[in-house]
Each structure stands twice: as C-alpha cells, then as structure tokens.
Amino acid sequence: MAIRNKEKAGAEALYDMYSSSLYGIIFRVVQHEEMAEDLLQDTFLRIWNSFESYDSSKGRLFTWMVNIARNIAIDKTRSKDFRNSAKTEDIENNALTLNKQSDNSLNPEAIGLRELVAKLKPEQKMILDMVYFRGFTHAEVSEELDIPLGTVKTRLRKAIISLRKVFN
Amino acid sequence: MKDLKSYLERGILEQYVLGDLSSEEQFELEKYALLYPEIKTELLQIELALITYAKMNAISPPEKLRNKILNGLEFKDKKVQKLFDRSSKWLQFYKYSLAASLVLLFMSIISVINLNKKLNDSYEQIAILETGIQRFSNQVNSFDQELTDARNALYFYQNQADFKLVTLRGSEKAPEASLLVAFNPKEEEVMIDLSSLKMPSNDKEHQYQLWAMVDGKPVDLGVFDSEVDSTGMKKMKSVKNVQAFAVTLELRGGSANPNMDQMMAIGSI
Numbered sequence: 024m025a026i027r028n029k030e031k032a033g034a035e036a037l038y039d040m041y042s043s044s045l046y047g048i049i050f051r052v053v054q055h056e057e058m059a060e061d062l063l064q065d066t067f068l069r070i071w072n073s074f075e076s077y078d079s080s081k082g083r084l085f086t087w088m089v090n091i092a093r094n095i096a097i098d099k100t101r102s103k104d105f106r107n108s109a110k111t112e113d114i115e116n117n118a119l120t121l122n123k124q125s126d127n128s129l130n131p132e133a134i135g136l137r138e139l140v141a142k143l144k145p146e147q148k149m150i151l152d153m154v155y156f157r158g159f160t161h162a163e164v165s166e167e168l169d170i171p172l173g174t175v176k177t178r179l180r181k182a183i184i185s186l187r188k189v190f191n
Numbered sequence: 020m021k022d023l024k025s026y027l028e029r030g031i032l033e034q035y036v037l038g039d040l041s042s043e044e045q046f047e048l049e050k051y052a053l054l055y056p057e058i059k060t061e062l063l064q065i066e067l068a069l070i071t072y073a074k075m076n077a078i079s080p081p082e083k084l085r086n087k088i089l090n091g092l093e094f095k096d097k098k099v100q101k102l103f104d105r106s107s108k109w110l111q112f113y114k115y116s117l118a119a120s121l122v123l124l125f126m127s128i129i130s131v132i133n134l135n136k137k138l139n140d141s142y143e144q145i146a147i148l149e150t151g152i153q154r155f156s157n158q159v160n161s162f163d164q165e166l167t168d169a170r171n172a173l174y175f176y177q178n179q180a181d182f183k184l185v186t187l188r189g190s191e192k193a194p195e196a197s198l199l200v201a202f203n204p205k206e207e208e209v210m211i212d213l214s215s216l217k218m219p220s221n222d223k224e225h226q227y228q229l230w231a232m233v234d235g236k237p238v239d240l241g242v243f244d245s246e247v248d249s250t251g252m253k254k255m256k257s258v259k260n261v262q263a264f265a266v267t268l269e270l271r272g273g274s275a276n277p278n279m280d281q282m283m284a285i286g287s288i
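Residue numbers (the working numbering), protein chains in the order written: chain A, 24 to 191; chain B, 20 to 288.
FYI, nobody ran anything at the bench for these hints, they're computed from the structure.
There could be a bad hint or two in this list.
Claimed, not checked - BS3-like cross-link-like pairs, simulated, lysine-lysine; straight-line CA separation at most 27 Å:
hint, chain 1, residue 1, chain 2, residue 2
1, A, K144, B, K74
2, A, K31, B, K108
3, A, K29, B, K108
4, B, K83, A, K29
5, B, K50, A, K176
6, A, K188, B, K74
7, A, K188, B, K59
8, B, K256, B, K183
9, A, K99, B, K87
10, B, K24, A, K181
11, A, K29, B, K87
12, B, K50, A, K181
Work out the full structure, taking the sequences as your base and the hints as a guide.
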C-alpha cells in the first residue's frame with residue numbers, strides 16, 4: 024500500500040529488499056560499475072513511476088522488477104555508446120571484480136546457495152546466463168552457440184529445474 | 020488440452036517468465052494459465068527458481084547509491100503533500116477573502132459616512148419639525164384657552180341676570196389698576212373679565228392671585244397674569260358667601276395665604 028500510495032517508506036522498503044538482486048543482474052549484464060549504478064537508478068525510477076502497471080495476477084513483483092532491470096540493462100548493451108565503451112573495457116577483468124564482489128556480498132541467502140549453483144552443469148549455466156544476464160533470445164543463443172533451438176530450450180529448462188531443486 | 024504435459028515441457032513458460040515471448044504468445048499463455056492451474060503452478064515454480072538465481076547473484080550496490088536513488092523518486096507522502104496542497108489552497112482562499120473583505124470594508128465605510136450624513140440631516144429635520152409642532156401646540160393651547168375664555172364670556176352675557184359685577188379698584192401700590200369680577204352666587208361661579216383687565220405688568224417669577232373674603236378670611240380663587248392674548252372671561256375657582264374680592268401679587272403659582280403687603284386691588288360686593 025505504501026508503494027501504491029507513493030510514500031517514501033514504500034520506496035525505502037522496496038530498495039532495501041530488492042536493490043542488491045537488481046544491481047547484481049544489471050552489473051552482470053553491463054559489466055561496468057558506474058554504468059550499473061546509473062542503470063539501477065533508472066530501474067528504480069521506472070519501477071516507481073510505472074508501479075500502477077504491475078499486475079499481481081500475472082506474476083510476482085520480483086519477476087516484474089527483474090524484467091524491468093534486465094530490459095534497461097540489455098537495452099544499454101545494445102546502445103551505441105555502450106559498444107564504444109565496451110571496446111576499451113576488459114570484460115574478463117570486470118568478471119573477476121564481479122566474482123570478488125559477489126563473495127563479499129552481504130546477502131546471507133546467497134552464501135549457502137552458491138554451492139548449489141555450482142551443481143548446474145556448465146552448458147546449462149552458460150545458456151541461462153546468456154538469456155538471463157545478457158538478454159539473448161533463445162534463437163540468438165541457438166545461433167551464437169551453433170546448437171539447435173530445441174536443445175537451447177531443453178537445457179534452459181533443465182537449468183531452471185535444477186534451480187527449483189535448490190529451494191524445494 | 021491433451022498435451023498439457025508437453026506444453027509445459029516445451030520451454031514456453033520459461034520464456035514467458037524471462038519476458039522472451041511476443042505479446043501474442045504472452046496473451047495466449049495467460050489465457051491458458053487461467054484455464055489450467057497446473058500452468059499457473061509451473062509458472063510460479065519457474066519464477067521462484069529465477070528469483071533464487073537472482074538472489075544468488077545479488078551484489079550490494081554502494082551505500083551512497085541508496086540516498087541518491089531514493090531522493091530521485093517522487094513521493095506523494097500524505098503529510099507533506101496534502102498539507103502543502105491544503106495550505107496553498109487556503110492561501111488562495113485567504114487572498115481572495117482578504118481582497119473581498121477590503122472591498123467590503125471600503126464600501127461599508129462609504130455607506131456609513133453617507134448614512135451618518137443622512138442621519139444628521141434627519142436630526143435637523145426632526146428638530147425643525149419638533150419646533151414647528153411645539154409652536155402649533157402652543158398656538159392650539161392658546162386658541163383653546165381663548166376659546167374657553169370666549170365661551171365663558173358668552174355664558175356670562177347669556178346669563179347676565181345671574182351675575183353680580185364687582186369692580187376691584189387699585190390700592191395705593193397700583194392706583195391705576197382695575198379688575199372686573201363677575202360672581203354668580205347661585206352657581207357659585209367666579210369669572211374675571213380679561214378685556215377690561217388693567218394691572219401693572221408682572222414678571223415671570225410672580226403672578227396675581229385672586230382672593231375671596233369669606234367671613235373675614237381669604238379664600239384662594241386662582242392665579243392670572245396681567246398680559247393675556249385672550250379677551251374673553253377667565254373662570255376662577257368657585258366660592259360662596261363672598262363679601263369682597265382682592266388681588267395680591269404672589270410668587271408664580273400662588274400662595275396658601277395672601278401677602279398683605281402686596282395688596283394690589285380690592286372691591287366689595
């Protein structure tokens with residue numbers, strides 16, 4: 024209610040609950056700290072200003088917000104200035120920073136779960152990350168990895184099923 | 020749907036949750052989700068899986084970002100916003116009220132001044148009218164008195180046989196004075212003839228008083244002035260068994276006993 028009424032308390036609660044998950048996703052997509060910070064701000068702005076359009080019957084609030092964050096971040100990666108700056112950035116380097124930050128994450132839930140992620144088969148995790156964090160469509164993954172579309176779908180599904188086992 | 024299981028396994032639900040479906044496909048799936056609770060359950064499971072994955076990949080953003088982002092949002096906090104709205108509305112209201120009040124005040128002052136002027140005019144008119152009324156009233160009283168005196172005179176002439184006439188002569192104090200008194204013993208009436216009245220002028224503090232001498236004692240018959248407009252006869256108090264009449268000068272209104280020093284006229288029957 025506090026969010027629907029656009030009260031400050033609602034925004035604070037929203038930020039405290041979801042900022043690290045959303046920042047994690049944005050960071051993984053753009054692989055750039057400053058850019059991720061700006062995009063997190065954009066994300067919260069859009070969440071806040073279009074909250075009326077969230078329909079709870081169509082899914083969870085988290086999913087809705089994650090999709091906003093992913094779309095904003097993925098749009099950025101497809102923009103011209105991103106491709107320009109990406110040339111000068113060493114993505115592998117950023118990935119290392121990322122892992123380090125992830126280790127230092129204050130999110131207590133994440134700590135026990137990491138081992139379980141490790142159980143994801145590499146080919147499943149790769150496809151999941153491509154879709155989830157890099158905004159590849161299934162068709163694009165199929166093309167990029169040169170594997171049939173059906174296989175992409177199967178592997179993605181299996182990856183998600185593995186994740187489901189984590190919390191079941 | 021016969022092939023619900025294969026539909027679930029086709030990976031469409033995952034695409035839906037990931038936002039990787041066209042709006043047509045989305046719409047179709049939402050329709051199925053309403054029809055088949057299994058689809059809804061499956062969607063929830065996929066959502067939860069991806070939520071878990073997102074949480075596993077969570078990274079805390081820098082502390083400074085929290086305030087920056089929160090301050091960039093627009094809030095409609097009741098307390099602040101509504102108070103502001105209300106106060107500005109009230110401010111508007113007060114502005115207009117103040118202007119209206121000033122106009123009213125100005126108009127009121129003008130009408131008060133006008134009314135005051137009219138009121139003063141009215142007072143003047145009233146004073147003039149009152150003076151007029153007083154004058155008329157005095158005149159009416161005077162006419163009334165004159166009429167009464169004239170009636171008395173008429174009465175006297177009509178019943179002359181019943182009256183004894185007594186002429187009072189002036190004393191040493193007023194040798195020129197004279198007064199005609201008509202006395203009707205039957206009716207015990209006493210009148211003085213104003214037309215032939217001759218007495219020294221009396222001032223405002225004094226009046227002449229007529230006395231009847233009854234068995235050697237003075238009896239008050241009333242007061243009169245030397246100068247009167249009327250030319251009729253003035254009716255005095257009634258008396259019987261009179262032997263003589265006398266006039267003294269007394270304080271205005273008359274006295275209980277005559278002031279013998281101021282005996283002005285006297286006459287016996």
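Where does the structure disagree with the numbered hints, that is, which hint numbers, in rising order? none
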